[in-house]
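*Asks:* Chains R and A, in that order, give the protein sequences.
Reminder that position 259 of the first sequence reads as 259 in the working numbering, one-by-one numbering, no gaps.
Reminder that position 22 of the second sequence reads as 22 in the working numbering, one-by-one numbering, no gaps.
Any given hint could be a false lead.
Stated by the list, open to error - Anything over 10 Å on all C-beta distances counts as not near chain R; from chain A, calculated: (1) His15; (2) Pro264; (3) Arg296.
As the list claims (entries may be wrong) - Quick list of in silico lysine to any residue cross-link-like pairs, SDA-like style, CA-CA up to 25 Å: (4) R:Lys191 x A:Leu58; (5) A:Lys134 x R:Phe214; (6) A:Lys64 x R:Arg207; (7) A:Lys6 x A:Gln243; (8) A:Lys64 x R:Arg134; (9) R:Lys191 x A:Ala189; (10) R:Lys21 x A:Thr113; (11) A:Lys134 x R:Trp209; (12) A:Lys136 x R:Phe20; (13) A:Lys116 x R:Met217; (14) A:Lys64 x R:Arg193; (15) R:Lys191 x R:Pro301; (16) R:Lys191 x R:Leu145; (17) A:Lys116 x R:Glu199; (18) R:Lys191 x A:Gly162; (19) A:Lys134 x R:Phe20; (20) A:Lys136 x R:Arg207; (21) A:Lys134 x R:Leu212; (22) R:Lys191 x A:Thr106; (23) A:Lys134 x R:Arg207; (24) R:Lys191 x A:Glu185; (25) A:Lys64 x R:Gly132; (26) A:Lys136 x R:Asp22; (27) A:Lys116 x R:Val221; (28) A:Lys134 x R:Pro218; (29) A:Lys116 x R:Tyr130.
Note that these hints are calculated values from the structure, not bench results.
Even glycine gets a Cβ: it sits at the ideal position worked out from N, Cα and C.
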Amino acid sequence: MANKSISHGADSRLEIESTFKDRLSYLGRLLWRDRTGVVGILIFTTVVIAAVFAEFLTPYKPLDQDLYASKMPPMWEEEGSPEHPLGTDNLGRDMMARIFYGARVSLGVSFFGAIIAAILGVVLGAVAAYVGGRWDEIIMAPVNLVLSLPYLLFVVFIASVLGSSLLNVILIFGVTNSPIFARVTRGEVLKIRESAYVESAISAGARWWRVLLFHVMPNLVGPLVTLISFQISAMIFYEAGLGFIGLSVPPTVPSWGNMLSEGRRYISSYPWLTTMPGLAIMYTSLGMNLLGDWLRDVSDPRTRRSGR
Amino acid sequence: MASILKVKNLVTKFHTVDGVVNAVNDVSFLLEDGETLAIVGESGSGKSVSMMSIMGLLPMPPAKVEGGQALFNSKDGPVDLIQLPYEAMSDIRGGQIGFVFQDPGTSLNPILTIGKQISETLIRHLGISGREAKDKTVSLLAEVGIPDPTLRFDAFPFQLSGGMRQRVMIAIAVACAPRIVIADEPTTALDVTIQAQIVNLFKELRVKMGVSTIWITHDLGLVAGLADRVLVMYAGQILESAQVDELYENPKHPYTIGLLGALPRLDTQESKRLVSIDGTPPDSTILIHHCPFAWRCAHAFERCWNEKPALTTVGEKHTVACFYAMEEGR
Numbered sequence: 001m002a003n004k005s006i007s008h009g010a011d012s013r014l015e016i017e018s019t020f021k022d023r024l025s026y027l028g029r030l031l032w033r034d035r036t037g038v039v040g041i042l043i044f045t046t047v048v049i050a051a052v053f054a055e056f057l058t059p060y061k062p063l064d065q066d067l068y069a070s071k072m073p074p075m076w077e078e079e080g081s082p083e084h085p086l087g088t089d090n091l092g093r094d095m096m097a098r099i100f101y102g103a104r105v106s107l108g109v110s111f112f113g114a115i116i117a118a119i120l121g122v123v124l125g126a127v128a129a130y131v132g133g134r135w136d137e138i139i140m141a142p143v144n145l146v147l148s149l150p151y152l153l154f155v156v157f158i159a160s161v162l163g164s165s166l167l168n169v170i171l172i173f174g175v176t177n178s179p180i181f182a183r184v185t186r187g188e189v190l191k192i193r194e195s196a197y198v199e200s201a202i203s204a205g206a207r208w209w210r211v212l213l214f215h216v217m218p219n220l221v222g223p224l225v226t227l228i229s230f231q232i233s234a235m236i237f238y239e240a241g242l243g244f245i246g247l248s249v250p251p252t253v254p255s256w257g258n259m260l261s262e263g264r265r266y267i268s269s270y271p272w273l274t275t276m277p278g279l280a281i282m283y284t285s286l287g288m289n290l291l292g293d294w295l296r297d298v299s300d301p302r303t304r305r306s307g308r
Numbered sequence: 001m002a003s004i005l006k007v008k009n010l011v012t013k014f015h016t017v018d019g020v021v022n023a024v025n026d027v028s029f030l031l032e033d034g035e036t037l038a039i040v041g042e043s044g045s046g047k048s049v050s051m052m053s054i055m056g057l058l059p060m061p062p063a064k065v066e067g068g069q070a071l072f073n074s075k076d077g078p079v080d081l082i083q084l085p086y087e088a089m090s091d092i093r094g095g096q097i098g099f100v101f102q103d104p105g106t107s108l109n110p111i112l113t114i115g116k117q118i119s120e121t122l123i124r125h126l127g128i129s130g131r132e133a134k135d136k137t138v139s140l141l142a143e144v145g146i147p148d149p150t151l152r153f154d155a156f157p158f159q160l161s162g163g164m165r166q167r168v169m170i171a172i173a174v175a176c177a178p179r180i181v182i183a184d185e186p187t188t189a190l191d192v193t194i195q196a197q198i199v200n201l202f203k204e205l206r207v208k209m210g211v212s213t214i215w216i217t218h219d220l221g222l223v224a225g226l227a228d229r230v231l232v233m234y235a236g237q238i239l240e241s242a243q244v245d246e247l248y249e250n251p252k253h254p255y256t257i258g259l260l261g262a263l264p265r266l267d268t269q270e271s272k273r274l275v276s277i278d279g280t281p282p283d284s285t286i287l288i289h290h291c292p293f294a295w296r297c298a299h300a301f302e303r304c305w306n307e308k309p310a311l312t313t314v315g316e317k318h319t320v321a322c323f324y325a326m327e328e329g330r
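Take these sequences, add in the hints, and give me the full structure.
*Replies:* Below, the structure written as structure tokens:
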């Protein structure tokens, strides 16, 4: 072949993974390099395990009342007992059981909410950007309208009209957060659509749906992963907020927001009733944010390699 | 030689808020089978836009091809590229006409491996399986001079240097053995040593595959060693067209003469200031009904301001659109 004489000095350090095993070990090295990512995954995994295996992790049911053992402090305090590691609430329900079962609500609402919001928003935003013209205006007008409303007020209003149920909360979060996804997607798609690599894909004969699926969408993954992880942790907060004012899931369902709301009355005398769910919220959203950061870096081959 | 692409009276306009930009004004030319045609001209002279119009790659609106034909001798008989519906055009793009863009840094999708991007074109046009496409891609990578092609198949664009990326772009363009490759300033973003390598690669591929090439550039020095024939474009029009040797030895149009005079030379002893052509190209939002070069031309006389000169034959395969050159030749 011609031009054997070109120097490949800069390219000789190339790490290229061609086999599955290569890729797997590469993923491992990647994780090791980014310790915050490891912490994020660990935190996140513990929350998921707590939610999924709540039945096996605690002998108590979240709604089992035991008035003889009510208002017990966590085990590390003098009056606490190892039977209720995180204490009990005013009705003698085990705090740890309630937090584990409550994780189901928080994770369920935030995950399904974020997924619905992402799907809805990405479809709307992509259509608006790709079709353009009048459709862009028809889609983006309500999107911008929703974004101009004070978010929490808007959510509280819809929640109080629709009534409180798990499904309602998921749908409310899904729908009210989709405008953010629509806006981000539209902007990114407009940018990517004009990029030279889309032009060169078209000039190589790629059909429009191929361009959309293989050239535009994959380049959306980075920004969307960041947004989804951010939205999930935001929805955990919002769910707790709604629960706190009694508009999230019904009070019979253990959720972190409901626990906060019930514990509020005893905040000065039995502070663990609010501290425990509060810590759970903080822990989960911290893990989610760390994980999101790492996912963003990993989803883009350019930042994946930078030795940070 | 048979012609493979015949462009007739191509007119492209951009309808913008600032008015109508006349980007391509009545351009006609022929591309012969196996020929390398260079289109030279300064920025904004319409050389890229005329190629993009032919390929249907311009964003419409604002762009609009308002007239003309581009008769392409395709594998299934002659077609007019301007009239072709989108789907049929998309079959031709990449399959029968390859395109190489100026900036290899941004023309490759940053998050797909180069192997995927080349095999995508192969699968699209040749209808082969992913497995076959991979084998073919590896041999294509070798053919365009990329070392360790099997390994590079899984490389991402940012892991390659600019020259390597341009080789990948060329591999995509020639993947399906097209009849024409249009290269839009493929060496402008590269440094000079890499430029020479890319030019050599094109020459090699031309011998190997017998592909006709349209090479858009503003580098007259590059053209001399590469092209068979040269079109000189200015303000959306062709001012002169000639075989490459003829053009350099016997330029007719004052603009061409000016361009050649402006080339820096290594063979003169004393150091001189570089020559330039005074003035700027005309405002393209104004439709010009006389010679577009008249403002900057030292030889302009009355007729140049009243009529638009048409391309007139002044020698073998040598046409020029200039009243002064015609009078002189007579």
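*Asks:* Now tell me, hint by hint, if it's right for this structure.
*Replies:* Hint check results:
The claim that His15 (chain A) lies off the interface holds: its Cβ sits roughly 15 Å from the closest Cβ of chain R, which is beyond the 10 Å cut-off. Taking the minimum C-beta to C-beta distance to chain R, about 27 Å, the non-interface status of Pro264 (chain A) holds against the 10 Å cut. With a closest Cβ-Cβ approach of about 33 Å to chain R, Arg296 (chain A) is found to remain outside the 10 Å limit, as its non-interface label requires. This hinted pair checks out: Lys191 (chain R) and Leu58 (chain A) have alpha carbons roughly 16 Å apart, not beyond 25 Å.
Simply put, Lys134 (chain A) and Phe214 (chain R) have alpha-carbon atoms about 17 Å apart, close enough for the 25 Å limit, and the pair holds. In summary, the hint linking Lys64 (chain A) to Arg207 (chain R) is supported, as the alpha carbons are separated by about 21 Å, within the 25 Å threshold. For a cut-off of 25 Å, the pair hint linking Lys6 (chain A) to Gln243 (chain A) stands: about 17 Å separates their Cα positions. Taken as a hint, the Lys64 (chain A) and Arg134 (chain R) pair is honoured in the structure, with Cα atoms around 20 Å apart against an allowance of 25 Å.
Taking the CA atoms of Lys191 (chain R) and Ala189 (chain A), the gap is near 22 Å; set against the 25 Å cutoff, the hint holds. A C-alpha spacing of about 18 Å is found between Lys21 (chain R) and Thr113 (chain A), which places the hinted pair at or below 25 Å, so the restraint holds. Taken as a hint, the Lys134 (chain A) and Trp209 (chain R) pair is honoured in the structure, with Cα atoms around 22 Å apart against an allowance of 25 Å. Using a Cα cut-off of 25 Å, the hinted pair Lys136 (chain A) and Phe20 (chain R) holds, with the two alpha carbons roughly 22 Å apart.
For a cut-off of 25 Å, the pair hint linking Lys116 (chain A) to Met217 (chain R) stands: about 15 Å separates their Cα positions. Of the supplied pair hints, the one linking Lys64 (chain A) and Arg193 (chain R) holds, its CA atoms being roughly 19 Å apart against a limit of 25 Å. For the hint linking Lys191 (chain R) to Pro301 (chain R), the alpha-carbon distance of about 19 Å falls within 25 Å, and the restraint holds. Distance check on the hinted pair: Lys191 (chain R) and Leu145 (chain R) sit about 23 Å apart at the alpha-carbon level, within 25 Å; holds.
Restraint check for Lys116 (chain A) and Glu199 (chain R): the C-alpha separation of about 17 Å stays at or below 25 Å, so the hint holds. For the hint linking Lys191 (chain R) to Gly162 (chain A), the alpha-carbon distance of about 23 Å falls within 25 Å, and the restraint holds. For the suggested pair Lys134 (chain A) and Phe20 (chain R), the alpha carbons sit about 17 Å apart, so the restraint of at most 25 Å is met. Our distance criterion of 25 Å between C-alpha atoms is met by Lys136 (chain A) and Arg207 (chain R), whose separation comes to about 21 Å.
Taking the CA atoms of Lys134 (chain A) and Leu212 (chain R), the gap is about 23 Å. The hint holds against a cut of 25 Å. Annotation: proposed proximity of Lys191 (chain R) to Thr106 (chain A) holds, straight-line Cα distance about 13 Å (limit 25 Å). Taking the CA atoms of Lys134 (chain A) and Arg207 (chain R), the gap is about 20 Å. The hint holds against a cut of 25 Å. Only pairs whose Cα atoms come within 25 Å are accepted, and Lys191 (chain R) paired with Glu185 (chain A) is accepted, the gap being roughly 23 Å.
About 18 Å separates the Cα atoms of Lys64 (chain A) and Gly132 (chain R), which keeps this hinted pair within 25 Å; it holds. Between Lys136 (chain A) and Asp22 (chain R) the CA atoms are separated by roughly 23 Å; this keeps the pair inside 25 Å, and the hint holds. For the given pair, Lys116 (chain A) sits about 18 Å from Val221 (chain R) by alpha-carbon distance, which is consistent with the 25 Å threshold. With a C-alpha separation of about 21 Å, the suggested pairing of Lys134 (chain A) with Pro218 (chain R) holds against the 25 Å cut-off.
This hinted pair checks out: Lys116 (chain A) and Tyr130 (chain R) have alpha carbons roughly 24 Å apart, not beyond 25 Å.
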